[in-house]
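Enquirer: So the chains spell out like this:
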Amino acid sequence: MNDDHRITGYGTLTAVWLGLIILTALTVGITRVEVGGYKVAAALAIASIKSGLVIAVFMQMKHEGRLLRWLLFVALLTLAIFIGVTFFDLLYR
Amino acid sequence: MTHQAHRDDFGARLGMWLFLFTELLLFGGLFLLYAAYLHRYPGAFAEGGRQLDWIMGTANTVILLTSSLFAAMSVTALRRNEPHRAIALVVATILCAAGFLVIKYVEWSAKFSHGIYPGSEHLKNAPPGESLFFGLYFVTTGIHGLHVLIGGGLLAWIAKKIGNGTVTGDNVVLLENGTLYWHLVDLIWIFIFPLYYLML
Numbered sequence: 001m002n003d004d005h006r007i008t009g010y011g012t013l014t015a016v017w018l019g020l021i022i023l024t025a026l027t028v029g030i031t032r033v034e035v036g037g038y039k040v041a042a043a044l045a046i047a048s049i050k051s052g053l054v055i056a057v058f059m060q061m062k063h064e065g066r067l068l069r070w071l072l073f074v075a076l077l078t079l080a081i082f083i084g085v086t087f088f089d090l091l092y093r
Numbered sequence: 001m002t003h004q005a006h007r008d009d010f011g012a013r014l015g016m017w018l019f020l021f022t023e024l025l026l027f028g029g030l031f032l033l034y035a036a037y038l039h040r041y042p043g044a045f046a047e048g049g050r051q052l053d054w055i056m057g058t059a060n061t062v063i064l065l066t067s068s069l070f071a072a073m074s075v076t077a078l079r080r081n082e083p084h085r086a087i088a089l090v091v092a093t094i095l096c097a098a099g100f101l102v103i104k105y106v107e108w109s110a111k112f113s114h115g116i117y118p119g120s121e122h123l124k125n126a127p128p129g130e131s132l133f134f135g136l137y138f139v140t141t142g143i144h145g146l147h148v149l150i151g152g153g154l155l156a157w158i159a160k161k162i163g164n165g166t167v168t169g170d171n172v173v174l175l176e177n178g179t180l181y182w183h184l185v186d187l188i189w190i191f192i193f194p195l196y197y198l199m200l
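Just so you know, the protein sequences line up as chains V and G, in that order.
Here my numbering is used: position 31 in the first sequence is 31, and no number is missing along the way.
Here my numbering is used: position 70 in the second sequence is 70, and no number is missing along the way.
To be clear, the hints were calculated from the coordinates, so they are not data collected in a lab.
The reader is advised that the hints may include incorrect statements.
Below, simulated BS3-like cross-link-like pairs (lysine-lysine); rule was C-alpha separation at most 30 Å, straight line [said to hold, decoys possible]:
1) V/K39 - G/K160
2) G/K111 - V/K39
3) G/K160 - G/K104
4) V/K62 - G/K124
5) G/K124 - G/K111
6) G/K124 - G/K104
7) G/K161 - V/K62
Full structure from sequences and hints, please.
Expert: Structure representation (structure tokens):
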């Protein structure tokens with residue numbers, strides 16, 4: 001019953017946490033200096049990398065099979081379509 | 001009557017993930033509103049964003065990331081049949097949740113004392129973009145705060161179940177699902193933080 005392959009060691013988890021903290025410091029650093037419109041793109045890109053780390057390691061998605069991965073993809077795609085279609089309307093009305 | 005209870009761990013996790021997807025769309029809708037109004041009132045949003053305390057926002061980000069580390073570690077501990085360590089880690093997660101809410105309380109109190117709260121005279125007389133910004137700020141961080149409260153309660157209930165031996169190393173799925181919910185709370189904050197505190 002105790003499927004060992006699903007266990008993520010303390011070392012891996014701590015390394016991911018350290019990565020998340022460094023990325024947070026990076027976002028704060030980038031957005032404190034004035035780099036114009038790039039800071040929005042940079043902040044959102046870093047947030048996406050951070051959420052990828054949380055989903056893959058903390059939420060164990062790397063241990064899950066195809067079904068859950070596809071469902072996650074479909075959920076994110078749905079959200080992306082909502083956002084994309086809304087902005088298509090907003091920008092070209 | 002004694003019989004082997006039916007168990008479907010994958011089904012339980014699948015159900016939890018499906019629920020988390022609906023949560024994603026809930027907050028996704030709020031982020032979409034934010035993006036649409038930022039597009040319409042960029043100046044007022046920048047003005048509003050400058051009034052938020054990015055140091056407190058950063059502190060809360062670090063607290064939530066650390067709480068997620070403790071939550072993930074608690075699953076590892078329980079799978080390695082170390083229930084006492086698992087309980088200690090879940091309690092550490094809950095303490096982080098409490099710390100987060102204290103900082104949130106201080107932040108909201110400071111805004112209230114400056115007359116910034118939903119429906120206040122100050123916001124009624126402010127430009128429309130600014131009252132929209134703070135309206136969205138209070139709704140988004142309010143619903144998120146509610147999730148922190150619910151997540152903390154859920155984890156406390158699960159810690160009790162680890163204590164009385166209902167949730168064990170051979171039956172971790174309830175703890176896994178509880179921590180999945182907790183990580184979602186962290187995940188949402190990962191986006192609230194740059195959107196409201198940093199990039200404006």
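Enquirer: All the hints need checking, so say for each whether the structure fits it.
Expert: The hints, checked one at a time:
1. V/K39 - G/K160: 44 Å, violated
2. G/K111 - V/K39: Between G/K111 and V/K39 the Cα gap is close to 26 Å, so the pair holds against 30 Å.
3. G/K160 - G/K104: Status holds; Cα separation ~27 Å.
4. V/K62 - G/K124: 49 Å, violated
5. G/K124 - G/K111: Answer holds: G/K124 to G/K111 is near 15 Å, not above 30 Å.
6. G/K124 - G/K104: 24 Å, holds
7. G/K161 - V/K62: 27 Å, holds
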